[in-house]
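4 protein chains.
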Amino acid sequence: MGGSSFGTLFRISTFGESHGAAVGVVVDGCPSGLPLAEPDIQHDLDRRRVGQSRMTSARNEPDAVRILSGVFEGRTTGTPIAMVVENTNARSQDYDAIKDLYRPGHADYTWDAKFGFRDYRGGGRSSARETVGRVAAGAVARKLLGTIGVRVFAYTVQLAHLRAERIDEAEIERNPMRCPDPEVAPQMVALVEQARRELDSLGGIVEVRARSVPPGLGEPVFDKLDADIGKAMLSIPAVKGVEIGAGFDVAQQRGSRNNDPFTRREDGHIGTTSNHAGGILGGISSGEEIVVRVAAKPPASIAQEQQTVNQSGDPALITVKGRHDPTVLPRLVPVAEAMLLLVLADHWLRQRAARL
Amino acid sequence: MGGSSFGTLFRISTFGESHGAAVGVVVDGCPSGLPLAEPDIQHDLDRRRVGQSRMTSARNEPDAVRILSGVFEGRTTGTPIAMVVENTNARSQDYDAIKDLYRPGHADYTWDAKFGFRDYRGGGRSSARETVGRVAAGAVARKLLGTIGVRVFAYTVQLAHLRAERIDEAEIERNPMRCPDPEVAPQMVALVEQARRELDSLGGIVEVRARSVPPGLGEPVFDKLDADIGKAMLSIPAVKGVEIGAGFDVAQQRGSRNNDPFTRREDGHIGTTSNHAGGILGGISSGEEIVVRVAAKPPASIAQEQQTVNQSGDPALITVKGRHDPTVLPRLVPVAEAMLLLVLADHWLRQRAARL
Amino acid sequence: MGGSSFGTLFRISTFGESHGAAVGVVVDGCPSGLPLAEPDIQHDLDRRRVGQSRMTSARNEPDAVRILSGVFEGRTTGTPIAMVVENTNARSQDYDAIKDLYRPGHADYTWDAKFGFRDYRGGGRSSARETVGRVAAGAVARKLLGTIGVRVFAYTVQLAHLRAERIDEAEIERNPMRCPDPEVAPQMVALVEQARRELDSLGGIVEVRARSVPPGLGEPVFDKLDADIGKAMLSIPAVKGVEIGAGFDVAQQRGSRNNDPFTRREDGHIGTTSNHAGGILGGISSGEEIVVRVAAKPPASIAQEQQTVNQSGDPALITVKGRHDPTVLPRLVPVAEAMLLLVLADHWLRQRAARL
Amino acid sequence: MGGSSFGTLFRISTFGESHGAAVGVVVDGCPSGLPLAEPDIQHDLDRRRVGQSRMTSARNEPDAVRILSGVFEGRTTGTPIAMVVENTNARSQDYDAIKDLYRPGHADYTWDAKFGFRDYRGGGRSSARETVGRVAAGAVARKLLGTIGVRVFAYTVQLAHLRAERIDEAEIERNPMRCPDPEVAPQMVALVEQARRELDSLGGIVEVRARSVPPGLGEPVFDKLDADIGKAMLSIPAVKGVEIGAGFDVAQQRGSRNNDPFTRREDGHIGTTSNHAGGILGGISSGEEIVVRVAAKPPASIAQEQQTVNQSGDPALITVKGRHDPTVLPRLVPVAEAMLLLVLADHWLRQRAARL
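Protein chains in written order, with our numbering: chain A, 1 to 356; chain B, 1 to 356; chain C, 1 to 356; chain D, 1 to 356.
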């Protein structure tokens, strides 16, 4: 239980370091018979990839995925789907200067505290490059859930103090911030440029939504759908908070207003007239849209000089070089989608065993 | 994998419905040799118990725990510790009137959607009474972590718009809201009374802290310490959001300010001069205080008439009777402590396998 | 992961020591809607119980099961089913004399080596009394599998050198050895009486069969149906070997004879004209009868004086008192049935996730 | 939980089909700091490889392993170790003729019954080529356990009626049958040649031993050391039986003879004067040598014409072409070693959490 696996029935195991030979994932438990090919995976990997714009870091790798197993004649066979992406563009020498120093906000110190030493090149396994495996596996989950019409998408809803007021889905992939508000998007882009000039970085919030999720997904009492979503999101590098539906705003609401009244929807199914619950009641999906927000901290790698210590605890000054994002938000979007997809795929399969 | 188990090495399995024969838990994986007796458990169960004050519902059960196994001559043996609390004071007839109606904000509908039917008495297993098992198991974890000096405590940091400005630990258990600010506590009490008179309920935020946690706990990349804490907290009934350290505030911070500079502490160990990270870096404990906040929604059970549907989807009006809390916050405090304790105990044991 | 849980989707967690307060089990993952009541459980518990005849030990406990949760209005709800049997007739003083000595063939020494100390009363958790929880959970699995017509039964096929030549199912429960051969059964009974007089004990073999198991159960490559059966059986106290179908005899067979030719059965389904495979091919059920044999050692507790050491390693002589079976076989029958039922129930649920 | 993972703390996930792009494994949970390089893995892979002699099939692949992650500067980092072996020499066209027929003794039919279709090329994932991942992972476990002096080795103890009477360890790797008896080895070789000429195949028994295993490994009650060994062995293709120590012979023994008397060994530790238990008492290692035997069926692929059915159930005759072993025994030796190593490594890590 080294911690690199996720899920119960739709279960993934990721591997790989930022500057090692490759990163990848094994998906075990995908049902047989699902049409699947490399382009299905590549699309989401390309969305995750760096170098797409000035918003993200300059490291430019094609991130071409190769499926090693689990697919035969264009369909999944029910056996493990191994997917590998080679690391082709790693400049490890950037890290030699700081291998004995602990970068503030990074996992260098805690990694040493845990394992006694670490692969310091690009953060090793604590690098966001680790999310390649998540996104590849999430693409399989997306294909699987697509068979029942589930659709998952995400966007940057907040950058620093800038907040999207409109959610125009068509706008999301049109701007480098993946902001759904066409008026706010250019402001976000400008703010990122400013932060870059100031050698600083910016935090923000990504919102993830899932539509057409059937009611009944989620297992009482610990494997609640929202509990597993919470774990999924907080396992993403840089995420420091997660909320469902009304989230932290419920603290200031009264029950009479927060409760979502039940009604019969036009399609004849039971629904609610509001959705403060974010599509989950008692840990089980209600059929309403699932709404999740995750808060991402400003990237720890900034080009400013910072105070720190070396491995012996002696004070030192550090300047982090390398290719770094001034904000993680645009790249967090496909990763957050992937994690929600993985949770939903897993619980959709688990639900098959719920009733006689 | 019905979902009622939690943890990897320190693993608990809870059982029981609100109005069934009993609730309880089996703790498997507690190391041998830990001094343990029923009073160790009873103390936290009493803190969780209802009927302690006017803040909480009127259902009054002694909740006396009985240890059935796993302890011999006052010490744990390494075998499963089964603990049972009988249900002695359940008034199931309160629920007959609404067994065919879906209470807004409750799990009635989603439970039916999942399992086809439900134990409607008091919410059955979706009742907060389920948390008895968590608190009992958490008390074992508290005893275990006490052997290395770890201390976990929680308090109500916010009720509706009222926010504790001071954290006076000694104050927490002195007032019925478990508010650490002696000036704000009576205001919270008054607000709860007002909400009760208005047949309404209130949300809020509980803050949980863990001190003297050794650095190195948490497993990259999915079983990060904060990921498992997130799951633990979001599995608690009524919780809709969780954040670590600066949490959602990181969205508006810059890296230059959010990064916690490393320093050599007075005890010679490496620490940080601030703690925006909340004691966790890269998913691994840093040795700084762990700080978690959870947002709890206003209880769904309110005495006002509400709009809903019956099991056939026909519109109906519902008035929820029974004994209900106008706020869950004071009782959430020991439950949130328990969940953090369970995560820490589990990762403390897992950490033993990290190095050669 | 203390080791007291078994199964993936149909998952049980047992607890309890021989001379503690109670033994029991929590079954998590049983689908909702299954009719279940205490008599369903009690029947198999009574078959497991001691004191049924002179074949088994004289400890006489009613072993009355109490269902604490998971059943509402006569049906399972999908939540954990907790079942408890109180220990009412434990004579712990029998063990005071030998608490510092290691009984040969028992787990006393290895338990101390592992945990540092042990509950020495009646073997504590290493006692066969632990199997009460297995049998109770197995009875739930039996009820569940009964809904699709699966039938599991077992019998004593060999005691020492005596081997049943005929399998007359109706005979099994008619004689105290649960031997299916009416001619061999009385010989077995006489041999047990002789061993008892000689203060000795006897080994043997139990055969377990499952009929009407649907094809397709079992997961490649580690969770093969036979692999999980093997684990299930070898986890039973006293079992030292397990084989499937032709078992160890395959060592002396040739492929041309061992391969089971495929054919179309009278019911139109595909079957085989022989069943050396024991109903499992490539780890997946074939639809043919599943046949498993388990070898049980002669009980370690014998009234003869034996050579051993004390906890310090000093030589000592030991005479094991207490109430002990001269053979475990009759009681192994319901336990082996239970373990096969648990594996089949689990894999039946797992199979639901195999295909799109 | 697709079934392709094994272990709890030292956990492996294998992937790959016989005629797919590659086979491999991800090892998660190996402690940091272990010296490891590709030659450590390659040695055991070479022992498993086909084409070593006339005893085994003619498919000749170098099976060169590539470590993709988890090792930095020659030591494990505590992160997942991904290892891949490309498939370079697959002649899939051999299988076109029989893709609609069910080969007797193979998993073709059960695989279709489970998944609806299958990768028929070389048995797909049901091929013994799947064991490459096991052996690679086992080599890591061997290195890990070597740090505490544990040594695991295996050999062919029986082929058809031929049984090794002497165990000369030095002899094992000197003959193609891996038979430890220099007199019996050539007889075995001759028998294999004869079977090959007769277009038939042979079963047999492999014995696996582990020395210097510390006492205390194994978790009561389901994760007993022997239970996990049983599962490990029965998950290997072609294995139909497993026994520990005296194994099935215990059926004919009396307790007075089968019990192993305790004694103080020359090194001062507690041991036993005999070892019928095979080094495991009550599911926990005793410190004595662990002895396991596994029965392997004669390979199902024989060149004789056999009776079968096609996918529609119509009768057919089949002649299995391709490159096949007349016996699996020599190649089973390193696979059985690997599985025992994996179980021991896992339980060695689990044992670290047993005591306060």
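Heads up, a few of these hints could be off.
Remember, identical chains collapse to one label, so a pair may be satisfied in a single copy or spanning two.
[Said to hold, decoys possible] Straight-line alpha carbon distances no greater than 25 Å define the calculated DMTMM-like cross-link-like pairs of lysine to aspartate or glutamate that follow:
#, residue 1, residue 2
1, Lys99, Glu183
2, Lys321, Asp96
3, Lys99, Asp40
4, Lys321, Glu73
5, Lys99, Glu73
6, Lys99, Asp249
7, Lys321, Glu173
8, Lys143, Asp112
These aren't lab readings, by the way, just hints derived from the structure by calculation.
TODO: Provide an ascending list of the numbers of those earlier hints which the structure does not satisfy.
DONE: 1, 3, 6 and 7
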